[in-house]
Amino acid sequence: MASYLLKRFLVLIATLLLVSGVIFIVLHVIPGDPAQIILGIQATPESLSELRHKLGLDLPLTVQYLNWIGALIRGDLGWSITYDVSLRTLITSRLQVTIPLAILSILFAVVFSIPLGVYAAIHRNQRGDYGVMILSQIGLAIPAFWAGILLILLFAVHLQWFSAGGFKPWMETPLGALKSLLLPALSLGLIRAAVLARLTRSCMLEALGEDYVRTARSKGLTEKMVVYKHALRNVLIPVVTILGLQMGELLAGAIVIENVFHLPGLGRLVFLAIGQRDLPVVQGVSLLIAFLIVVVNFAVDVLYRIVDPRIRMGKERG
Amino acid sequence: MPEKEKIKMCPGLLLIVFALGLFCLFCSEALGQKPVHGGTLTIALSAEPPGLDPTTSPAATIKRVVHYNLLESLLKVDRNGKLVLALAKSYKVSKDGKEYTFSLHKGIKFHDGSPCTAEDVKYSLERLLDPKTAAPYRKYYLGIESIQAIDPLTVKLKMKKFDSNFLFNMARGDAVIVPRQAADRLKSQPLGTGPFKLFEWKRGDSVILVKNPDYYIPGVPYLDKVVFKFIPDPSAQLAALRAGDVDVMAYDLSPENADLLRKDPRFKVLRGHTTTEVILAINNSRKPLNDPRVRQAITLAIDRLAVIKGAMSGYGSPIGSHMDPTNPYYVDLTGLHPYNPEKAKQLLAEAGYANGFGAVLKLPEPYAYARRSGEVVADQLSRVGIKLIIEVIQWGQWIDRVFKNAEYDLTIIGHAEPFDIEIYGWPDYYFRYNNPKFQELMKKAEEEMNEQARKKLYAAAQRMIADDFVNAYLFVYPALPAMKKEVVNWWKDYPTIAIDASEVYIQK
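Protein chains in written order, with our numbering: chain A, 63 to 380; chain S, 1126 to 1633.
Accuracy of the hints is not assured; some may be wrong.
If you anchor each label on the Cβ, the simulated ranges turn out as follows [claimed, not checked]:
(1) Ser1438/S - Gly238/A: 31 to 39 Å
(2) Asp1545/S - Pro107/A: 15 to 23 Å
(3) Gly238/A - Asp1553/S: 52 to 60 Å
(4) Arg150/A - Ala1541/S: 29 to 37 Å
(5) Asp1545/S - Gly83/A: 40 to 48 Å
(6) Thr151/A - Gly1238/S: 22 to 30 Å
(7) Ile368/A - Arg1391/S: 53 to 61 Å
(8) Asn1559/S - His90/A: 30 to 38 Å
Just so you know, these hints were derived from the structure itself, not from any lab.
The structure displayed is predicted, hence computed values, not measured ones.
All C-beta atoms, glycine included, are put in the ideal place defined by N, C-alpha and C.
Chain A extracted, bound-state conformation:
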């Protein structure tokens, strides 16, 4: 296990270095001089060169890159040009939105999808199955932002149960914070629930046809035991894999939903920062997202070993 962890750690470092290089190069290759974007189209050349100097943009690219990496190693993430605040403060406050939102939407997805998928598989080709399949088809077809707008129209504009967006900080009102994340999490969770429900159903169907299920049945176990104890455990492996992939997607892909619900999350931060060429923020946040995705993938790998004894044994023997 120790050598495995070390290997994973080295992969993590290599990935981050690679990502940092790519982010840095891309940001400097795409058109749009940060100084010009900050000072606008009427700025004089003197003001522009003064600002470039202030921001360190007049240094050679390699020096800029090494300065950035050096600061990162010292634990200094950087300073936002537009917000005039350290990136650490900025990211900490944004993660309070993005992480709970991701977890909540995964929770929604899992709570809806797995029971529905199992139910559909057990009642294959019956009315309930068709119902679940139609629902999941709709879930797949509705983009998250559209679902968000519909939810706002229903729950905020007409019923006025929720506000139409915005975020109340956890420190001020934990319940309010949770409430402000419910609708966004639901709209993000819908499409994921649809994917997972279909996956659970098909995996469950496959599992129910396997030899070990027949064995279990012939042992005289109740159908409940067969489904939940034997089949479901096997079904969970692909489900966990997809969930892990989705988690990464959630962190990076909540941008649209954060815009619809105007949540001050990480996605919106990086989206605005790209527009304003706030390079320290774009670089820092992209790297953080890459880091989180790598860590989540690692966590998923570990989770496999818990869910599936075969992987655990196989790896440790080898």
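Since chain A is already given, all that's left is putting chain S on it; use the hints.
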């Protein structure tokens, strides 16, 4: 700018204008209403300001939030587009127009309690002129030769030469008066003299202002708290307004939603002007667009009213040159070169393009008005044989390719700066319009001290660029502020960038 007019006619006259608060009190009482004190007003804006310092960034989003509300200049542009006094109680101009003497109101205090004096005015303007500050609009103040604080309430500016736009520039958000001790922290801690103080900037969410109890105009402001809430998506703003989360949607009501909201008895939508001229900009240096006949054909092929109808649901006013109707120098030139597709075809044939030609129309992605107008314009031009390929490009690319390097044929963009016709005098500007006659005209207008003569010069300038068909002038972007019925005294027109919340109140 009638103030200037008076000065020019009788130089040396001391002007005293009533405090704005009294004026406004009078206004609302004339309507039979008494302003209500107290309450919180939440205003939705789409873009969060990149920092809160209006002097080191040209971003309009900054001035909207901080200028007038937090930070003030000596002069300001009021809701009617008139130049009026702000921190200055009065000012004098010398006969040769090269010396300005400003007197400050007594008892003005910065938000930290320190007094605002002539020394602070001197410091603020010198800071603006210092190249190290990297002020984007430094060039507007380069005419200042020296600044002298005569006594704590009087400051004298000596100019290198007379500049007719100088007073207007002193009303800009760039020329705000700030204390030395806070100048370095303006970006996150703007500290000024305004009717409101910064309470908190929740980055990514809102800027919260609270009433300044020590404001030098008694009785103002009416509101206890103003919250600028940043909601990027216009439809999300609309939902927030309808759900009761925000009270005002200041800028981003889309024209097609204006009619919808007007039908709802809980809200009102004002219909006014902005200073944003939306134009089809033409690269005058590129073939075949360098031929004036071709440019004329483009103008004649465009039916402005159809563009306004198709792209803006009918909101917006047509323009015939580069000037908005709130400007005192505006002349109506919409009838000068009216829609005439037949003549456009004829002109194209004369220029040797009887079968038309192809060109690329680059549209900036962030602006819906530009994208939509682009589609209508492309359709109209195709009817006279000009085939446009539409390319929607990112804002950074637009700045770099189109604006800086003039790598484009045609583009559509709104010029938001108030009173910016001078850009046609810059040969390197992205239109690539190089007409020495126009440049001469601009110089004359800037140096002309007689108001009537200057008015004529600016009228001639508007006509010259219209007759040269530098660009095709489409419409002035409409101001469509939408709010709850209870919100009173909001500006109908937006003749300047700032949002002034000091006179707004909530009727109970």
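Each hint tested on the structure:
In this structure, Ser1438/S and Gly238/A meet the distance hint of 31 to 39 Å, their C-beta atoms being roughly 37 Å apart. Under the hint 15 to 23 Å, the C-beta atoms of Asp1545/S and Pro107/A, about 19 Å apart, fit the expected range. Checked against the hint of 52 to 60 Å, the C-beta distance between Gly238/A and Asp1553/S comes to roughly 54 Å, which is consistent with it. The hinted window of 29 to 37 Å between Arg150/A and Ala1541/S holds, with their beta carbons roughly 35 Å apart.
Checking the proposed 40 to 48 Å range against Asp1545/S and Gly83/A shows it holds: the Cβ atoms sit about 42 Å from each other. Look at Thr151/A against Gly1238/S: about 28 Å separates their beta carbons, and that is inside 22 to 30 Å. Against the hinted window of 53 to 61 Å, the Cβ-Cβ separation of Ile368/A and Arg1391/S comes to about 55 Å, which satisfies the hint. Roughly 33 Å separates the CB atoms of Asn1559/S and His90/A, a value that falls within the hinted 30 to 38 Å.
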